[in-house]
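Participant: Here's the letter readout for the chains.
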Amino acid sequence: MEDINIFRDKIQHLKVLFVDDEEQIREGTYKLLSKFFTVIKTCKDGQEGVELFTKENDFDIVITDIRMPKLNGIDMIKKIKEINPNIFVIFITASRGKLDINENLYNLYLTKPILYDDIKTIINEAYKL
Amino acid sequence: MNINVLIVDDKQSNLISLELLINQISSKSNVIKAQSANEALDILLKKQIDLILCDIQMPIMDGFEFANLLKQNHKTKNIPLIFLTAIHKDKQSQKRGFDLGAIDYITKPIDEIQLTNKIKIYEKLILLQKQMKQDELVYAKAIEDNSPNIIIITKENKIKHANKKFFEFTGYTTLNNFKKDHQCISDFFEEKSDFIQKNINNTYWIDYILSTPNEPHIAIIKKDSKDYYFQIHCSKINTDKHTEYITTFEDITEIKNINQELYKLKSAIENSPISIVITDTEGKLEYVNPWFSKVTGYSYKEAIGMNPNILKTGYTKDEEYRELWTEITHDHIWRGVFKNKKKNGQEYWESVLITPIHNSDGNIINYLGIKQEITEQVYLRQEIKEQEEIMIAQSRHAAMGEMISMIAHQWRQPLSIISMGVNNILADIELDLLNKETLKGTAFEIITQTQKLSKTIDDFKDFFKPNKEKEETTIDKILSDTFNVIGNSLENNDIQVITNYKSTKTIKTYPREIMQVFINILKNAKEVLLEKNIKTKQIFIITEDIENSINIKICDNALGISQDIMNQIFNPYFTTKNQQNGTGLGLYISRTIIEKNLLGSIKAYNKNDGVCFEIILPREI
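Chains A and B, in that order, are what the protein sequence lines are. Take the first sequence: its letters are residues 1 to 129, numbered as in this note's numbering. Take the second sequence: its letters are residues 1 to 621, numbered as in this note's numbering.
I should point out that these hints are in silico values taken from the structure, not numbers from a laboratory. Incorrect hints may appear among the rest.
[Said to hold, decoys possible] In the DSS-like style, the derived pairs of lysine-lysine whose C-alpha atoms are separated by at most 27 Å in a straight line are:
(1) A:K70 - B:K535
(2) A:K112 - B:K120
(3) A:K112 - B:K155
(4) B:K385 - A:K112
(5) A:K79 - A:K128
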């Protein structure tokens, strides 16, 4: 990545939805992502995520935790994809190893904790969009 | 004692002079005169005569005829007779006289010196005989009267004579009264096979007994509803003409009863499935029962005379043997466990009791040993102990696994926050947005989080160190430490924890063991609340001081469990969870810890839509 600023300029218009049940993670990730994206919305569980998406269905990227109360990440994505099948999905999982989820459901998965390199990967993928 | 001398002569003068002479010679003689053989016979009928001096030449009946008559009567045939004669001096007459049984033949004129001598001798002899006879009678009567046995004398199957005991036993006072009601004592014999009856094998009982002298003969006589056993001895009395029998009845009822008792006892000991041995005062075996032989392999013959220490294996220390001896020689009972060796070398365990046996003076004369083989139990106990140790180890491992996942869980968040903070710093650097204030803030946040990581390690570090010493603490502190360890795993699962800590007193115990139990119970509660998807998940913890104990209740509202399952939850390997999640050892180990290590109690019951675990711990152990 030669100049991150170039990347930033290109991707900052993309609308991002971040879903995670832990408050400190939401805060920290929001802070980080807001350095690259202008519009970031956060939700604390799958149910909230679906509700929000139903109202504002113009998100480009959804980054979500999997294990959440009320509605988990996978079910949430299924519902969201019904509304917008082309949405770019990034799963964040706590467990190592391959995800046991249908590969058509997501575009990328990352393992917690999110490292700076992971952020760069996100930015890269976003750039491709 | 006197002797009665009858003198017979037809001449009165002879009678008088002979009477004088005899009185001179013998002070012990009573002289009775008869002037004819017939008169003499009359006197003999009425009186007891000890000596007869008789003239031969007499009218009507002479001396020889008189002697002949006497010989034929059994009452008189044994009375010593001396012939006195003036006429019949010839040898033939003498011979005739002696043939008729005379003891002497004296010719007249009487040689006074000779006669004196003879009479003195005869007097002595007769007196002696009389004395002996009297003595005999006295002895016989004494024996009869003092005999504890019933003695009867029978002749021609009729009782002629019976002793004191006979009358005592039968209740009659005289033989005549007895004979009015009964013919013979055999009327009383009970009819029972193998016992003497009136007629046996078509033989009269006395004859039967005489015919089989080497067998014991026992008859049963019932008196006052009690059975008396008599052993019968019969013997013939030798008399000249008639056969008489003397029969004794020996009362063996007591002996028989004792024998029956002894037989029972002997049987019990011989058939007992426990080794029973008796030793002398030095410890040498005097008796061993069959079971002993069965267990040890030593036969009765081999065992007798041996000291039981041939069974030693060396397991028991010499000290203990000395203690054993001291105890039993001081008249105490000793109990212990031995590891012994059979004849074939095989080892076995036995539980032993040794007790002294005394004689009537109170001195120890033997030692009784009762030994029960417990080999199986010993091995079983060892096996159980090993099993328990394995289970505890397994449980420890499972607990460790749980701990590690708890640590991982507690670390996740701080790690996320730290990495998020660092990511922000890196992003700021690359985007040239670095700002001292923001940087400082992030740095402090990272420090806070690392401290949390450190604390988690501290909380868990000591957890697996087994408590070697008791600690004085409070139940509040233990609960607080417990929550440190489990972190927010309850909150994160929307489980509300409601506490009511009323206990304030200290407790001297092993805190980490208690924590292990609390963690186990809370974990189970969490899992069941999640599994049953309870809307408002709650856990209640109530502590209370009750006298010298502390009572802790941990309850949930997960709707309780069936009585069926309730009865099994403390069993090892029982679980309602699937294999990955439950080893089933948690509550079993928890109960073991509480009951064995902490000397407390734990129980579970349904209450208010949930299950309560109630733990009572003594404040001091």
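Participant: Could you tell me which of the hints above the structure violates, numbers in ascending order?
Facilitator: 2, 3 and 4
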